[in-house]
Amino acid sequence: MQQRSVFIGAGLAGLVLVAACGGAPTSGSGSNANDAAGAKVYAEVNPLTGTARHDKLVELAKKEGNTLSLYTSLNADVADVVTPAFTKATGIQVKVYRADSETILQRVLQESSARFAGSDIVETNATEMAVIADKGLTGDYQSEQRKKVNPEFQYTGWTPTRFNIFAPAWNTKRVKGDLIPKTWEDLADPKYDGLVSLEVGDSDWYMTLYDYFRKQGKSDAEIDKMFTDMVKGSKVAKGHSGQVELLSAGEFGVVAASYSYLTAKARTSGAPVDDQPFVQPVVARANGGGVMKSAQHPATAMLFMDWYLSDGQKLILDNGLTPAIMPDGSDPLGGLKVLPVDVKQLLAEGDEWSKRYDTLLQGGEKAPDAN
Amino acid sequence: MVSTAPPPVDPGRTTRPRPGISTEDLRAPSRLATLWTALARPRTLVGVATAIVIGYLALVPLFYLLWGAFSDETGFSVDGFARAYGDPRIGSLIGNSALFAIGSAGLAMVVGTGLAYFNVRTDVPFKGLFFAASIIPLIIPGILYTIAWIFLASPQIGLINAVLEPVFGPGTFNVFSIWGMIWVEGLHMSPIVFLFMVAAFRSTDPSLEESALMSGASRVQTFVRVTLPLVRPALVAAGLIMIVRALESFEVPALLGLQNGTYVFTSRIYQVIKSYPTDFPVAGALACGLLLVAALGIFISNRVGRNGSGTISGKGFRPRPMDLGRWKPVVGVGILLYFALTVVAPLVVLLYTSLLPYYQRPSGEAFRSMSLENYTKVFDQPLVLNALKNSLVLGVAAATIVMAITAVAAWVVVRSGLPGRQLLDHVAFAPLAIPGLVLGLGIAFVYLRSPLPIYGTLLILLIGYCTRYLPYGMRYAVSGIHTISTELEESAEVSGASWWSVFRRVLIPLLAPALLAGWVYIFVVSFRELSSSILLYSPGHEVLSILIFELYANARFTELSALGVVMVLVLVVLVTFAYRVGARVGLRSD
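Line order of the protein sequences matches chains L and S.
Take 7 as the starting number for the first sequence in my numbering and just add one per residue.
Take 1137 as the starting number for the second sequence in my numbering and just add one per residue.
Treat the hints as calculated values from the structure; they're not laboratory data.
Source: prediction; values computed, not measured.
Don't be surprised by glycine CBs; every beta carbon is placed ideally from N, CA and C.
Please note: incorrect hints may appear among the correct ones.
[As the list claims (entries may be wrong)] Facing chain S, from chain L, some residues (calculated, C-beta under 7 Å):
#1 Ala82
#2 Lys101
#3 Gln116
#4 Tyr212
Using the sequences and the accompanying hints, generate a full structural model.
Below, the structure is given as structure tokens:
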């Protein structure tokens, strides 16, 4: 009995230790070789166009096994339409990992530090894509479609695939006629006290608007006053989707910077919300994708990007999002005055703006109670 | 004629030299051999093995957190602490967090203990329904529960306020206040206390209360001066979990506190983690603050537990419910009213919302637009059945593994006398104070570098869940052991039972109510675990909480309500079933 327990105990401890120790952190199964292989494919295919390119990619994808690993923060209901469509068009199976953009970033960074090739292609918000590209994790992707994207949104290392537009949205039962906001400055008016909701993490919107007003010739003091007035009597909320939900329910009268696709979705399901005509200039932030340098299926990744930027864009449009390239090749932001979120500035100064926005929000007065 | 044959010798006992063996072979065993024999006893080995497993599970993310907290690009540094605690707003952060934590813990304790007492120790009517209703707030995902309360008690759109308006004027209740936060969080967490106290009250000897009653004490006096002290270990353990959980709580402060400018610890930790570049030193520094509170709590909890005497002792007893007599209808109605307000109301709001295309106040138009469309949409999702299956498997596995490990670990901490056993308790509690994302990152870090096929499978989620829920299991098991006096095990040992026999046939059955409570809690709550799951899962291994998150993030709130209703139905049935099964083990009651 005693001897048996000794063996059991030793066996358990041994198992635990084996699980704990792995290879050394820098070892990996030929991931350096992967990087080189990926880069070779990208370099080889980038100059090709049209049918030649497509055929080459299909051929290479077949050799790679006709499978793709996609990390994306695309909404579930849209992804559930997009990826099956790609499979139908090409016969390639897509394994989709979906999460919010910050989690995707953490996962990609964690995996790359362990030289684990988990993803072939990553598609998420501009800020996170910029970080990933900055760290040199994405491969060089060039194509005819990429050139059609709005010139203000051409980025190194990743390509926009859809746009997030921030614009005020209002509840049509509580906000009518003269109360409907026409400009951003309108929101600072005292008539909106108790009606407006601001989102706690929108420091990129804050930064972009601030710069816009500076360019308009306003002084910093004037801009600060305007924002303070906007915050006065406003209700801070967490999460854009929750905000739209509460806007539909009438808890808020106006959401200062709502995602236009969320507003559109609520409106389509019958909720009394609207954001048209847009308050201009709209603030726009791209979401985009990058093929990974360490991808196990680099050609498949390129094939997906090509498809996503052409046929895929129509699906994006049909499902209520704003594509990067309209199906007829035109610019979806054409006809609108657009303020792009400066991603480089966000990376460099994001922390400082985040703190300033924080302070601004916490200085806001309590929303007037009905009591 | 007397037989001269030598008496039969038991081969195991060499009291006389047998032929062929010299006396020298019978010299006293060496010191090393004694030590070896002492160490190789099953109790020690099991204790050490459990300690290794727990240590491994809990220390991996803890080291990852501490490594992040105490280092930056240049190496060791405490800058994170300076930045975290030097912030001028830290005072109000701590103040708000403390008020919120103590308030909601207090409410949960009162509600949970009261309900448990009535359910177990009195003959209140509708016990089965009562039990299910007490658990329901635990099952509803935090986001849904909080939003349901917004729809009930918001000064702007709240239904309760609308009903009361003719009498009390507009906005009687304001859920967007610290009191609103305390109310919602306290109610949401009361099932945890309920489960603890049910286990505790089931194990109390009623003869002490009976003697008090017979000596002339009123029922209330008996409750306060006899019953409560008897269950003190469970009370303290429950209180500790409540406070740390409230300090860690995220949804309630986020949805209800921001409007009011009430920022708490977790808002700050979340903010820090979600921004880029992630300031891990600050996040780690803040989490260390939580760890300190937790360590202090464990210390106090164990002191109190040790001083209390076990109520399950060698004297036999049968727990018998107290007759409420003429108070029965009053108590019955009081409890029904309580449930109507705190459980039924939010559920009805969810049910109502799940039938609408979008949330709107009750009106003719609203009722005309009702349909079951959201339910079909939920089940139409390609992943939902797989996610439900995965969640069930993980829930059952995690709950079972954790309770098995902590049963042994609790024995180690309370009974074994092994050196360093208190440390085991502290280590097992650590994961509670580690933010979910950091926990996930720590686990991912280890298994990305391990040759075993764990990363990218369901196993890594299982490891994450076991780590996450270890502290809860430990608290349930430890407080359970504290209520059992040592006499029973000692008499078993004296009668010749081996350690394993004593453990399996005496201790476990007596511990069963506590273990069952822990099992149920972990099973139910694992369905809602998101922050580690979303980092660690891989395609094909989705769990239900990921779906909940996706529905919420895409503002598909009505479908989310439908999913919530389905979850409640399924889990209530499963939990009631588990309790029916569990009630067969251990102490029987009339």
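Practice item. Would you list, in rising numerical order, the hints stated earlier that this structure does not obey? Key: Violated hint: only 4; rest satisfied.
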